[in-house]
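Student: Following the hints, put chains F, W and E in place on chain C, whose structure we already have.
Chain by chain, the residues:
Number of protein chains: 4
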Amino acid sequence: MLLIGGSCEQQQEGMEAFQEYHQVEHARPFCKYSARPSSIQRIPVFVEIAVRMSIYGRPGVSYLDFPANMLNSSVSDDSINWKSPCPDPPLICALTEDIRKALDLLTTAEKPLVIIGKGAAYARAETEIFMFLTSTGFPFLPTPMGKGVVPDNHQLCVSPARSKVLKESDVILLLGARLNWILHFGLPPRFNPNVKIIQVDICMEELGTNVQPSVALAADIKVVVNQLNTELKRHAGNFFFDQNRNWWSDIHVAINKNKSQVKLLCADQSLPMNYYCAFSQISGLLEGHDTIVVSEGANTMDIGRSMLQSLLPRQRLDAGSFGTMGVGPGFAIAAAMICKSDPEVKHKRIICVEGDSAIGFSAMELETACRYQLPIIFVVFNNNGIYSGLDAESWNSIPEAELALVAPPTALAPNIRYDKVMEAFGGRGYLVNTPEELHQTFKAALNDDTKSSLINILIHPLATRRPQQYSWLTSSKM
Amino acid sequence: MLLIGGSCEQQQEGMEAFQEYHQVEHARPFCKYSARPSSIQRIPVFVEIAVRMSIYGRPGVSYLDFPANMLNSSVSDDSINWKSPCPDPPLICALTEDIRKALDLLTTAEKPLVIIGKGAAYARAETEIFMFLTSTGFPFLPTPMGKGVVPDNHQLCVSPARSKVLKESDVILLLGARLNWILHFGLPPRFNPNVKIIQVDICMEELGTNVQPSVALAADIKVVVNQLNTELKRHAGNFFFDQNRNWWSDIHVAINKNKSQVKLLCADQSLPMNYYCAFSQISGLLEGHDTIVVSEGANTMDIGRSMLQSLLPRQRLDAGSFGTMGVGPGFAIAAAMICKSDPEVKHKRIICVEGDSAIGFSAMELETACRYQLPIIFVVFNNNGIYSGLDAESWNSIPEAELALVAPPTALAPNIRYDKVMEAFGGRGYLVNTPEELHQTFKAALNDDTKSSLINILIHPLATRRPQQYSWLTSSKM
Amino acid sequence: MLLIGGSCEQQQEGMEAFQEYHQVEHARPFCKYSARPSSIQRIPVFVEIAVRMSIYGRPGVSYLDFPANMLNSSVSDDSINWKSPCPDPPLICALTEDIRKALDLLTTAEKPLVIIGKGAAYARAETEIFMFLTSTGFPFLPTPMGKGVVPDNHQLCVSPARSKVLKESDVILLLGARLNWILHFGLPPRFNPNVKIIQVDICMEELGTNVQPSVALAADIKVVVNQLNTELKRHAGNFFFDQNRNWWSDIHVAINKNKSQVKLLCADQSLPMNYYCAFSQISGLLEGHDTIVVSEGANTMDIGRSMLQSLLPRQRLDAGSFGTMGVGPGFAIAAAMICKSDPEVKHKRIICVEGDSAIGFSAMELETACRYQLPIIFVVFNNNGIYSGLDAESWNSIPEAELALVAPPTALAPNIRYDKVMEAFGGRGYLVNTPEELHQTFKAALNDDTKSSLINILIHPLATRRPQQYSWLTSSKM
Amino acid sequence: MLLIGGSCEQQQEGMEAFQEYHQVEHARPFCKYSARPSSIQRIPVFVEIAVRMSIYGRPGVSYLDFPANMLNSSVSDDSINWKSPCPDPPLICALTEDIRKALDLLTTAEKPLVIIGKGAAYARAETEIFMFLTSTGFPFLPTPMGKGVVPDNHQLCVSPARSKVLKESDVILLLGARLNWILHFGLPPRFNPNVKIIQVDICMEELGTNVQPSVALAADIKVVVNQLNTELKRHAGNFFFDQNRNWWSDIHVAINKNKSQVKLLCADQSLPMNYYCAFSQISGLLEGHDTIVVSEGANTMDIGRSMLQSLLPRQRLDAGSFGTMGVGPGFAIAAAMICKSDPEVKHKRIICVEGDSAIGFSAMELETACRYQLPIIFVVFNNNGIYSGLDAESWNSIPEAELALVAPPTALAPNIRYDKVMEAFGGRGYLVNTPEELHQTFKAALNDDTKSSLINILIHPLATRRPQQYSWLTSSKM
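Chains C, F, W and E are the protein sequences, given in the same order. The first sequence begins at 775 in this note's numbering and counts up by one. The second sequence begins at 775 in this note's numbering and counts up by one. The third sequence begins at 775 in this note's numbering and counts up by one. The fourth sequence begins at 775 in this note's numbering and counts up by one.
It cannot be assumed that every hint is accurate.
EDC-like cross-link-like pairs, simulated, lysine to aspartate or glutamate; straight-line CA separation at most 16 Å [to be verified]:
(1) F:Lys885 to F:Asp944
(2) C:Lys1225 to E:Glu1176
(3) W:Lys1122 to W:Asp1223
(4) W:Lys1225 to F:Glu1176
(5) E:Lys970 to E:Glu884
(6) E:Lys1225 to C:Asp862
(7) W:Lys1114 to W:Asp1222
(8) C:Lys1114 to C:Glu942
(9) F:Lys1225 to W:Glu1176
(10) C:Lys996 to C:Asp862
(11) W:Lys875 to W:Glu1005
(12) F:Lys1217 to F:Asp1064
Calculated from the structure, these hints are not laboratory results. Predicted model, so just to flag it, every value in this text is computed and none were measured.
Bound conformation, chain C alone:
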């Protein structure tokens, strides 16, 4: 959603009459309103609209653009058109009969699955969903930004068996996640062609995108899961999908296989490190710390998503639905500014995990982090030439000095010292080659809440994800 400032109201009998902004905004979101002389007094009106558009309905971004002449003007205080802040969005719920239909499907499923999307996080539905899962025993899978609504380390979390559960589930409860490319459009071959989907979304127009749901619930997720809990207790009080079910047994086989593969990769301590080895050092140290993890990159973001557990909701900021690179440092700085100023969250640490292609988009923001003395820990997974297009043999046979000349324009120079860039801005920079060095420097960074740090981790240039079932996923962003 987008709102652009200025005003275009009609003047009426000596009063300021307000234009029907909302409607115009929907019809022509990129329209630039003409600023009228009186607009400056009405900035609070626009701010209220911007906030409302941002938090009501499907949450999203508002953009207020103030023309230069407005920024340089001043008005008397008493001419300002003050507006009280918009209240929390009203809550909406589903019809009880639709809730029952959903429960009927779920309680009779052979292979049920709950997918927790970022909509569930935005709705602050963590308590209700936790209750629902623990009282039903259903397996759940979080999307990238749905992670932490229920802790990743919960025994019902089936992330390590993601491909399997998506492909085989016969009934899916979709809580605030979209069936877009991140979820393979909900379609075969990645989904069961006969899957029945119970779709819950606050945006009614979203209900049916790509797959027509068996039950469509247009409602606030917190409210609707509460309704599910109530009806469940009332009508299916004894239901429990226990771990002896075949579905659970199958899932556990897949989880264990995945875990073994990952364990092997973590244990491989050859240098330069592979991604799993490096991430395992970090994840070990993060235990017991309350952190907000920001992440962007390709392999870095994909592997990090599974290697760094989220135990609390809304604590992971990802490149999102459009996979836009360059957003990481900005996200990290915004999160750190909030933590700095709000005593309730000032104990949280911000970890910004970047691929070396991603960091290149906005590394100058490291200066901003230093200037405001924000104790963000930036971690760069530096594989010296991602997307170089060179195979292992060529890579090893070419002298380093010539690598830049041989590599394609999309490849990065080897051995860029991102740590020294951080030092140039007054923060702490670390170059890390071994698991031990990574352990020590990350620990040091965690213990220092006075300055920004950057840990530049040398990763093997040819390291990739563990093999995937679908070849196109091995190197894709997901």
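Tutor: Using the frame of chain C, we list chains F, W and E on its own:
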């Protein structure tokens, strides 16, 4: 809402994967997707999206634009990507506690008012609203396209006291109407500055536009009014806002005053006729007929709105929120085509009431109506020079032959024979000067369901609306 | 070119500093400037820019959009920022060496051709081009709106051999015409693949569109043809491409063949008339009259273009490069208003020749023509169902009453009385069936300069163009 | 100018017919064409159009956007629609009579001035302009990117008296410069209200922007100055505007005053350095070197423009008409890539002079420069907090550690080590505090053509431009 055809999905493993259209559409509604070779097979997918966007959430228009090369192509039947039609929109309801807050406000109000907007009509909430009004005794006011949800001739309808009730009400239940210019933005001087608004809208972002509601209910209106009825019975079963209340007495004074004024105007049979006199002839004949009234114009639309009663919902099509002129004949033709092809509604007659400025925008559509033998009755209120800017004295002193040369470019030529235009296309045209002629010709038109008719009514060039409380309303569209 | 009003200049030290409008306009032609309070005083500045953009460089349309609040404001006379009108565009000429290269190509060509485009008409280069053609003897071909720069009846005009000369010419002098779809992009199979083009255009960016010219002359056409004449006299004084050349003999064969075909069609007086028969009546009567011909339609425009000769430049207004339908009546009214107010041209008569599909787009403008008492002669070639998609047999076998129901939605109703529409607005309407009736009514209309007339000519529904070499042209607009 | 790829042509009889791209592009420059299956074969067609649009008429940028599916496709070589490159733009000249009018004005002027814009540089008119100036003796003033067409150190260059000559000149020959904000719109109080302007521009629509010229010459500047030289010799062979004229005497007074002020500022060696002192070190070392200077910033760009002389045309790249920040490193890299690959220019050194606000926009491009081993010399004028809004007293009284917290968000952190950022990428970084250090490090950088260097010069935070006649210029970009 707007959706433009073509596709921009990514190709994935030999299958057609569907792009996340909805999201893209919200972000960039005017974006033109690139058509890919396979798009033609996927036309059903786009049609489903277009229909869904049009009926889910706030109802609106979808637009599918097929590139020329797609229109000229053909594909084998079995390659087509069929899609089942999207089901009716899911219903959403409000929290019971919010329903109670609304009832608390309404049942303790001194001067309550229910405003019925076109959202209530779209939601097909007529039965629920009728029950609510008759069991509470609240006065109600319909918006232009909310007319008929409850019949205009119901004793609780306070349209003739519109200005008064808007200005004085202390609690307003707003059912699917927007606080835009049509409702004076909900602001003083047209509204009570202390009015408490209970806003019901299916579009959550709309809740708070221009006025912050005391209770905001994001929900389907049919469902929410049903909730109101249930809670009312449960918690305030004895409540009734009877006609002895001061509020009702005051309203009746205003209604009677208005009715007397209108009666006088109707009785004034001097020639050329005034608007009220002409409309009273038509409204008399419409009694007992099931009609769809389409209307556009300035005075014609404004006065006609009060003079032509709507007794059924969704049977009045107006120039709408943007006041766009030229839409009337197209609306009338669309309505007539549906009535022609659907036995359930084929008894309905379409009346298209046009100002003589409005008819000029798309009078060539009369040819379309004739070509398809649609028995629409077009009525032109022809005041020979609306907006002429001439005062009575000048008007009378200038010879007719010179009038066109003296009048400003926005004025129309006197005595344009719209009836003869209709005859030129094969329909029936009538020129009408007196109330009697109008009565006879309109009766004849009603009795003829074989052809389009047009009645060209000569109206006094200086006739206007009855005097309004706010001067700017006397000649404005509302 | 498009210019939208308002202003966005920076304020500087108490003076009005002018924004660099032109640059902004080129970069963002649809941008809406924010109106500043002072903008109303600067309307003359915008008007000057709009006029300049319209007549300098490649001529085109400017659009000034004044926001409503500007239209309703007033300012004191002495605060207005008057601006003197922009002078005539400066003239530019080509390098003499390029002129010589062009002449070398032309004087050594076996099959030379001069194409006269509307750019030549805009440049008012008629005298220079006439001199050039008569002193060289080259054949010439006008484009639709280049007609009349040299009279169509000049012996060097080869329009009747259009397809042949385009396909065979080895050197073409292109004077202000674009190689777009109207000229088949300058490419085979419609053009000789080895043709050498000497392109003259005032718009430098246009030089090379679709075909790379052998000589490119970015210059004012009046000036450059003058240069050609001067250099020709100086260096090739004896050159003359006489009628004994093979090229001329071949062309004459083609011309004569075409003329015989047309003569036959004109002589066919069976009813309803064919296009050629009807046009021959009109063209006969137009001889000796100074007229401006406006035309739009498909067959009507195509056949009329060859049947109605243009003897003077800038006296034919066509649907133009984009083939937009609905422009005819507006063009005719604009031309008539100018002729009415300017004594120098008030003897000219405006003839607006419309297909029956075309007139449907804006027939209500007939009312405007009548209101302003403009003696325009509208002619409708009414073939009762153009694009009906029916073959002759079906057409004849279907009863007229059912035709509208059988015909596709794009077909028009039979026997629409456009003449009666004109009468409804106060003009003179004629329905014409035979050549004799057409002769008499058109003569009557020409003799009446007090009112608008419309002649509704019944054309055989299956009449088309004479057969074309390329099948796609038989019914296409060109 | 903007061109977006894809195609939207109509298909015609088995051939690929080309759409009239140019016209469409002018009308709707941001339009995205739909890519058709055959478009990939036609990429050369689009490239030719893009190049032509970029170099014909007013030179500018073209943008070709290839959809992803096109980038990943392949076609057989012989299906490609090759297109020969577009030739150099055709040259256009002015009418001889207009040339004479221009000379009449110039030779009778009391206070003539020649302004050399970047259009003169693009037209490669340096020889012709040099001849014109030396044979007439007129003073000349280059615009920022017109610098070097005639060397800045030529005795006729009056840049140090810029404000004076703009304000007093009575006749100005404007060669390819626009009267936009950079030239104060050509209006009082910065220009003589009675100045007569002879405007030469290849873009006809530009003639008259803001000021109506006395003589308007739409022509190629190289050609038109050649015409001026020819006509001057023919008709005013004895004319010479010698240094004894009052105008020259006045100018010299102004120049000398300016030079004294600058000299004083250069001589002020207090630390941190001021801009003039630092620039004088660099300019001294650049003598005798063939360099391309790229510059952006506020004071850095403004002062650098006068302190770094341009002796050759097209060797200064500035932030340009829109003053866009962030362009410097990209410009420098592009210039260095060309110099690296073309033996004719490989001796040239690229100097990129950046303000510390400007470098922040795209400092990550330093990595690109290092990766390609481009010997660019980046110079950062680091005043530790430009736009800090603090006055001298506050600045000095605040401890450095707290400065970042006190300063507004637009201020930069003090003592950012841009030199260390360069080192982090493998280039050479220098921190410079004194004039001597600057001298030595810049000399070292000039002598090293193997690597990128960055010199981080500490500038006094409160240093500004020398005082200007118009207060708003003292700190503005120009």
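Student: Against each hint, give a clear statement of whether it holds in the structure.
Tutor: Quick rundown of the hints versus the structure:
1. Pair hint Lys885 (chain F) plus Asp944 (chain F) holds up; C-alpha atoms about 5 Å apart against a cutoff of 16 Å.
2. Between Lys1225 (chain C) and Glu1176 (chain E), the direct Cα distance comes to roughly 14 Å. Compliance with the 16 Å bound is thereby established for this hinted pair.
3. Taking the CA atoms of Lys1122 (chain W) and Asp1223 (chain W), the gap is near 10 Å; set against the 16 Å cutoff, the hint holds.
4. Among the hinted pairs, Lys1225 (chain W) with Glu1176 (chain F) is consistent with the structure: their alpha-carbon atoms are about 14 Å apart, no more than 16 Å.
5. A distance of roughly 11 Å separates the Cα atoms of Lys970 (chain E) and Glu884 (chain E); the hinted pair therefore holds under the 16 Å criterion.
6. For the given pair, Lys1225 (chain E) sits about 57 Å from Asp862 (chain C) by alpha-carbon distance, which is inconsistent with the 16 Å threshold.
7. Straight-line distance between C-alpha atoms of Lys1114 (chain W) and Asp1222 (chain W) comes to about 14 Å, which keeps the hinted pair within the 16 Å bound.
8. Between Lys1114 (chain C) and Glu942 (chain C) the CA atoms are separated by roughly 45 Å; this puts the pair beyond 16 Å, and the hint is violated.
9. Distance hint between Lys1225 (chain F) and Glu1176 (chain W) is fulfilled; the C-alpha atoms sit about 14 Å from each other, no more than 16 Å.
10. Between the alpha carbons of Lys996 (chain C) and Asp862 (chain C) the distance comes to roughly 14 Å, so the proposed pair stays at or under 16 Å and holds.
11. Simply put, Lys875 (chain W) and Glu1005 (chain W) have alpha-carbon atoms about 11 Å apart, close enough for the 16 Å limit, and the pair holds.
12. For the given pair, Lys1217 (chain F) sits about 14 Å from Asp1064 (chain F) by alpha-carbon distance, which is consistent with the 16 Å threshold.
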